[in-house]
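Visitor: Okay, here's what each chain looks like letter by letter:
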Amino acid sequence: MSDHPPLPPRGRRIVFTSPVRSRKLTSTWSRRKIDRRHLLRGAVVTAMAVPAAALTGCGLLTREPDTPPSPDPLAPLIAGALDLAARYEAVIAAHPELTSRLEPLLRAHREHAAELARWSGTATPTASPVTPSPAASTPGDVRTLLAELREAERAGQQAAVEACRAAPAHQAALLGSIAAARATHVEVLA
Amino acid sequence: MTGLATALAAEHAAIFAYGAIGVRLTGAEQQEARAAEEAHRARRDALVVALATDGDSPPPTEPGYALPFPVTDRASALRLAVHIEERTAAAWRAALRETTGDQRAQALDGLIDCAVRATRWRRFAGLTPVTVPFPGRPD
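Read top to bottom, the protein sequences are chains A and B. All letters in the first sequence, in the order written, are residues 1 to 190 by this note's numbering. All letters in the second sequence, in the order written, are residues 1001 to 1139 by this note's numbering.
Calculated from the structure, these hints are not laboratory results. Any given hint might turn out to be false.
[Said to hold, decoys possible] Okay, the calculated beta carbon distance ranges per label pair:
hint : chain 1 : residue 1 : chain 2 : residue 2 : range
1    : B       : S1057     : A       : E103      : 43 to 49 angstroms
2    : A       : P71       : B       : D1054     : 31 to 37 angstroms
3    : A       : A190      : B       : D1109     : 17 to 23 angstroms
4    : A       : A79       : B       : T1128     : 40 to 46 angstroms
A virtual CB, placed ideally from N, CA and C, is assigned to each residue, including glycine.
Please work from the sequences and hints to get the whole structure.
Guide: Here's what the structure looks like:
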């Protein structure tokens, strides 16, 4: 059972057929009478400029150029993991005495974001800018802060559960582990 | 064996192991062991139904299961409880790939429950950290 991400989905592959159809090139064709061989040579040069990794998928030249790329179903989960990480960062910044307790949970969310990004073929995300949450502005009330983290974990667990249920087979195990990890965080914050 | 059949075999083994775990514990820990054993029995029963509905023949209970190490006291009982929950979580996680719809939801519930119980047992055992980033994932 491999846990390696698959090739990027079709919608994300680079397509270089569109310039051949562009109006500008068509008019150039008729005006300058570029022969077919010349045009083909141009296409080959373009193809060679595309990184080899982008060429490994099939259907590269057959995709409809007008189809918009489908939205990445993992994107909301990546954002969710980064948001959870940012919440922990804010609480730890306000209450360093909670570091040893919360640090493993923070690390888990970062690892989730990185792993999801690896699977979706996007760049490894960096933490989103921390929006000063009401949490950070009330440094005194640890109990409230932990309750807020718990609520956020619970919502995150539900989001991961729904994603796992709807996921293709190859993503189900990763999403299931993320849902389970968030459930254990709820337990730890109780 | 399909993913769900592997999960069923893991549940059979978990129920067996909790017999050895429970007698070495007292108080809240023993209660937790009893509740865990009940939860594993409920999962097992639901799995037997699911597999029978699919026309598969579920793996039967073995008369005994080899424990990975002898359980002689509280510490080894807690360690075995952690081990059992991690192993059962891995079986449920593997079943996620091979299931859809209600069966996938069933496998996910199994994974989540095992992960949460593994965390509770790590806490009782004084192990840190009490959580892992990817429950059920093979190392």
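Visitor: It remains to establish, for every hint, whether it holds in the given structure.
Guide: Comparing the hints with the structure gives:
1. B:S1057 - A:E103: 43 to 49 angstroms: For B:S1057 and A:E103 the Cβ distance comes to about 48 angstroms; the hint holds.
2. A:P71 - B:D1054: 31 to 37 angstroms: For A:P71 and B:D1054 the Cβ distance comes to about 34 angstroms; the hint holds.
3. A:A190 - B:D1109: 17 to 23 angstroms: 19 angstroms, holds
4. A:A79 - B:T1128: 40 to 46 angstroms: Roughly 30 angstroms apart at Cβ, these two residues miss the hinted range, so it is violated.
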